[in-house]
Each structure stands twice: as structure tokens, then as C-alpha cells.
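Produce the complete structure using the sequences and hints provided.
Letter by letter, the chains look like this.
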Amino acid sequence: ETGVTQSPTHLIKTRGQQVTLRCSSQSGHNTVSWYQQALGQGPQFIFQYYREEENGRGNFPPRFSGLQFPNYSSELNVNALELDDSALYLCASSREATNEKLFFGSGTQLSVL
Amino acid sequence: AQSVTQLDSQVPVFEEAPVELRCNYSSSVSVYLFWYVQYPNQGLQLLLKYLSGSTLVKGINGFEAEFNKSQTSFHLRKPSVHISDTAEYFCAVSDRQGGKLIFGQGTELSVKP
Chain A
1 ETGVTQSPTH LIKTRGQQVT LRCSSQSGHN TVSWYQQALG QGPQFIFQYY
51 REEENGRGNF PPRFSGLQFP NYSSELNVNA LELDDSALYL CASSREATNE
101 KLFFGSGTQL SVL
Chain B
1 AQSVTQLDSQ VPVFEEAPVE LRCNYSSSVS VYLFWYVQYP NQGLQLLLKY
51 LSGSTLVKGI NGFEAEFNKS QTSFHLRKPS VHISDTAEYF CAVSDRQGGK
101 LIFGQGTELS VKP
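Chains A and B supply the protein sequences, listed in that same order. Going by my numbering, 1 is the number at position 1 of the first sequence; the sequence numbering is gapless. Going by my numbering, 8 is the number at position 8 of the second sequence; the sequence numbering is gapless.
Since the hints were made in silico from the structure, they are not lab data. The reader is advised that the hints may include incorrect statements.
So the derived list for chain A, only partly shown, Cβ under 8 Å to chain B, looks like this [stated by the list, open to error]:
id: 1; residue: 41
id: 2; residue: 43
id: 3; residue: 58
id: 4; residue: 90
id: 5; residue: 105
id: 6; residue: 106
id: 7; residue: 107
Straight-line Cα separation of at most 20 Å, DMTMM-like style, residue types lysine to aspartate or glutamate; simulated pairs [as the list claims (entries may be wrong)]:
id: 8; chain 1: B; residue 1: 49; chain 2: A; residue 2: 75
id: 9; chain 1: B; residue 1: 112; chain 2: B; residue 2: 95
id: 10; chain 1: A; residue 1: 101; chain 2: B; residue 2: 66
id: 11; chain 1: B; residue 1: 49; chain 2: B; residue 2: 95
id: 12; chain 1: A; residue 1: 101; chain 2: B; residue 2: 95
id: 13; chain 1: B; residue 1: 58; chain 2: B; residue 2: 88
id: 14; chain 1: A; residue 1: 13; chain 2: A; residue 2: 84
id: 15; chain 1: B; residue 1: 58; chain 2: A; residue 2: 100
id: 16; chain 1: A; residue 1: 101; chain 2: B; residue 2: 64
id: 17; chain 1: B; residue 1: 112; chain 2: B; residue 2: 85
id: 18; chain 1: B; residue 1: 112; chain 2: B; residue 2: 20
id: 19; chain 1: B; residue 1: 69; chain 2: B; residue 2: 88
id: 20; chain 1: B; residue 1: 49; chain 2: A; residue 2: 96
id: 21; chain 1: B; residue 1: 49; chain 2: B; residue 2: 85
id: 22; chain 1: A; residue 1: 13; chain 2: A; residue 2: 82
id: 23; chain 1: B; residue 1: 69; chain 2: B; residue 2: 95
id: 24; chain 1: A; residue 1: 13; chain 2: A; residue 2: 85
id: 25; chain 1: A; residue 1: 13; chain 2: A; residue 2: 96
In silico negatives: residues of chain A with every beta carbon more than 10 Å from chain B [said to hold, decoys possible]:
id: 26; residue: 42
id: 27; residue: 63
id: 28; residue: 113
Ideal Cβ placement from N, Cα and C applies to all residues, glycine included.
Put into C-alpha cells, the structure is as follows:
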């Protein structure tokens, strides 16, 4: 089994720019969830994609958007970056939209200057 | 809605001593409970989970946790810690429908020689 991989590992952007983060899910998994982890905090749920459809969304503004592809990989897009968007972004994959066995990637560290 | 409170932000302990990391949750529905560990610059790794059945759950690396429904707690324990257990530990809850995980703020376990 291949694990969950995220790219890039680190990214530096300036306020107002747009960013795309990528996640390859574990083999056999059809569900991807995205989390934002600010420094010193627990991860916060952004949204989940199940079989290419959004399947739940956390308390994040519409400038956070996502996509899931037919191979179940996923993208997280953030428009109009703000300083508070600086965080570790974690992707997790699972089978059939359950939380019973989530596999997390190592994350993308985004810094907004 | 669910919430999670980790009662200790930092727990220093000497090597080979026992440790308990405390977690309380609130929910109006039946839940799944999880403990994850995060090593520096890495994603989250599942330590153990409670889905149903026995309230004492054993996980990886010698950790165990006990689900106490009346006290709405899910404390994590290890009888003898190692230097390598130094990490951030997160308690999390989800409802049984899947979707999002709600994480606590984390407990930093620091094991000293």
C-alpha cells in the first residue's frame, strides 16, 4: 500500500495570492478530508470529499475550495490569502467516508507573509 | 455538536514513569473516540480508537485508553514511558455518521531522562 502523500511540503506566499495544495490518497481509498492546523492548535476540519463530491464542510469561508479527481486524489485551493492562513494543512484519506481508519499525510506547511 | 477538552497542555515526565493524558468530550449523540500522536514535522498517526464494545482499548506503542461514558472521558495511559514517546498527543471525537473529526488542543508529552 502506498501512503498519503502531500505536495509541496513547504510553501511561502504573500497576502492576497492564491495557493493550491495537493494530496494523493492511499491506494483503495475513495475519501479525502482536509484539516488546517495552526501553530500550537489541534487540527480543524475544512471539508471532506467522497467519490468526487463534497461531503461535509467545516467553518471556513468560501475562499477555501476543493476538488477530488476520478483517481481520488484531491486539491485544496485557497484564494485571497490572509496572514491567518499560515498553518500546516493536513490531508487524510479513508474508505467510504468513515473516520474509523484515517491515514494522514505529513502535511504542507504554508507561510503567508 | 461535539467538543473535546484536553485538560493538560504540557505533561513533563521522567523516563520509565507512568503517564496519563486526560481528555473529556461532550456530545449529544453516540460517538467514536480517538487518540492520535504527532511527532515534529510529521502528520498524525492513530494510537488507538474506541468504536464500541470493551471500554478499555489497547493501542500501539504500549498505550491504552478507557472510555468512561458517565464521566464523558477518554484518558490515555502508558505504564512506563520512553524518551521516544516525546510528542504531541491529540484526542478526537466524531459522530458515528463519519464526516469530520473534532480535535482537542493537544497535550505536549515531554519525557526526560
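Notebook entry, point to check: Of the numbered hints stated previously, which ones are contradicted by the structure, given in increasing order?
Noted result: Result: hints 8, 9, 19, 25 and 26 break, sorted rising.
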